[in-house]
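Engineer: Quick mapping for you: the protein sequence lines, in order, are chains A and B. Numbering follows my numbering, with no gaps: position 5 of the first sequence is 5. Numbering follows my numbering, with no gaps: position 2 of the second sequence is 2.
In short, the hints are calculated from the structure, not lab data. There may be inaccurate statements among the hints.
Footprint (simulated), chain B over chain A, 3 or more residues, beta carbon under 8 Å [to be verified]:
no.: 1; region: 77–85
no.: 2; region: 88–95
no.: 3; region: 236–248
Glycine included, every Cβ here is placed at the ideal spot set by N, Cα and C.
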Amino acid sequence: MIELKDINKSFEGNLITKGVSATFEKGKVTQIIGKSGSGKSVLIKCVIGLYAPDSGSILYDGQDYLELDNAARTEIRKKIGMLFQASALFDSMTVLENVMFPLTMFTDRSKSEMMDRANECLQKVKIIDKGHLYPAETSGGMQKRIAIARAIALEPEYLFADEPNSGLDPQTAIVIDNLLQEITQEYNTTTVVVTHDMNSVMEVADKIIFIHEGAKWWEGDRQSLIQTNNKELQEFVYASKFMKRLRETLIKGI
Amino acid sequence: MRQVLSKPERWRIYRVRIIIEMDKLGVSSIGLVVLLSIFMGAVICLQTATNLDNPLVPMSLVGYATRESIILELAPTMLSLILAGKVGSSIASELGTMRVTEQIDALDIMGVNSASYLILPKLISALIFFPFLIIISMCLGIFGGYLVSAGTGILDLQDYMDGIHMEFKVFHIYYALIKTLFFAAIITTVSAYYGYTVRGGSLAVGKNSTKGVVGSSILILIFNYLLTQILLI
Ligand SMILES: Nc1ncnc2c1ncn2[C@@H]1O[C@H](COP(=O)(O)OP(=O)(O)OP(=O)(O)O)[C@@H](O)[C@H]1O
Ligand SMILES: [Mg+2]
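Excised from the complex, chain A in its bound form:
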């Protein structure tokens, strides 16, 4: 479980993240939604320690990340799997080497053991017989899945994803979402997914946090999202006329 307490983060005097408190639970998928530029990526980068917040605390299973020394932070980082918005695969390495990379850095397994584990992870994300290719030779959807395989190679306890299905067609996006959900349940990870894909929210979110202009505006589950009366959230979720009509039908049905 991860707890955020009153996180503030500013860049050059601009307050981007405004007093966000939240909890991300173990074995659950928490989705962070919000408009482009609302500060979702900044928030998640604060949580994983890429940005240092101006104030607030981040508790990883009770340990205050910001108070830890470097060695202890590294220990926590080894338990974090992260999917970046642009996949961030190492383009000088093959697909298989990418997935093996965390294993070579942090385990003492033999080469064949590492290859077995990497292939197992690739199989899990349904990438088969592509290990010898370079990331640039694979499609965007495959790159996202390879990045998932790399993120789970060390069996992380915390899994973060920044827009894992941006730039993907709805079907492929759902495949990624279901993979994340499957992994969350199988490894019992604390999973946090940033997205603006409502399909994905409706498919896998156990908990939804809505960020508006840097602040936490709303929090709840899928059911309450449909019924919400929060004006900004409604505007975000039901942006198109089609969605607005869909909502009316849904509510009538309930």
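The hints should help you fit chain B with the ligands onto chain A, whose structure is shown.
Structural biologist: Leaving out everything else, chain B with the ligands in the frame of chain A:
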């Protein structure tokens, strides 16, 4: 900088990386070095020979002047400036691209010390390989002069060879190698710094890679002067 020099996590991995980097930064530059050095030596020899028309000055001075200018300046400094362009821009753009595509963030998140993992092997391989390149360059530069005197007959081959052997000081080689080590460190750290700290997109990568080349070239010139003053006077 402190991050770069902090104790590497795993030597085994670093050894492999150093060999890869040596291949990337050093071996791939050999062709350029060969071509450049032969022409450099040839031109110096040609110029000195044509300008030396006083009958009282022995022609063997041509060989001597060629050797000294190659060993003292042309091989270590000029070659380092050229390598700053080639190697420096490749380091800066490689790291810059890794930064903007979040590959460096990915390393950090895994708990890898990205600065040390990415930069240290480059630094070490440059420190090992650049001296080799410079020695190759010295030999080929002198060989270039040899080709000119043998090929054009502008001066007697025996005169050239006498000049090459005249008053040879081993210390000058050390001096050149010490300079080279400094230049290798400058090129890798300066361009790595500019690459590693890129902010923004691919435009910023290009800009910073230029800054890396310009910055390391200027530092090379300054250090060249300082080291010469310290070592030769
Ligand atoms: N490193 C930075 N320096 C300065 N400002 C930044 C930095 N990173 C983000 N910002 C600013 O913070 C704001 C929020 O950015 P952020 O990337 O978190 O948005 P986002 O919600 O993830 O948007 P998107 O959905 O488009 O990815 C933006 O206005 C951006 O300009
Ligand atoms: Mg974002």
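Engineer: Given that the region 88–95 of chain A was listed as covered by chain B, double-check it with a C-beta distance under 8 Å for 3 or more residues.
Structural biologist: Since three or more residues must qualify, the claim that chain B covers the region 88–95 of chain A holds, with 4 doing so at under 8 Å.
Engineer: Check whether three or more residues of the region 236–248 of chain A sit with their beta carbon closer than 8 Å to a beta carbon of chain B.
Structural biologist: Coverage by chain B is violated for the region 236–248 of chain A (0 residues, Cβ < 8 Å).
Engineer: According to a criterion of three or more residues whose C-beta lies within less than 8 Å of a C-beta of chain B, is the region 77–85 of chain A covered?
Structural biologist: Per the Cβ count (6), the hint holds.
Of the numbered hints stated above, the single one contradicted by the structure is hint 3.
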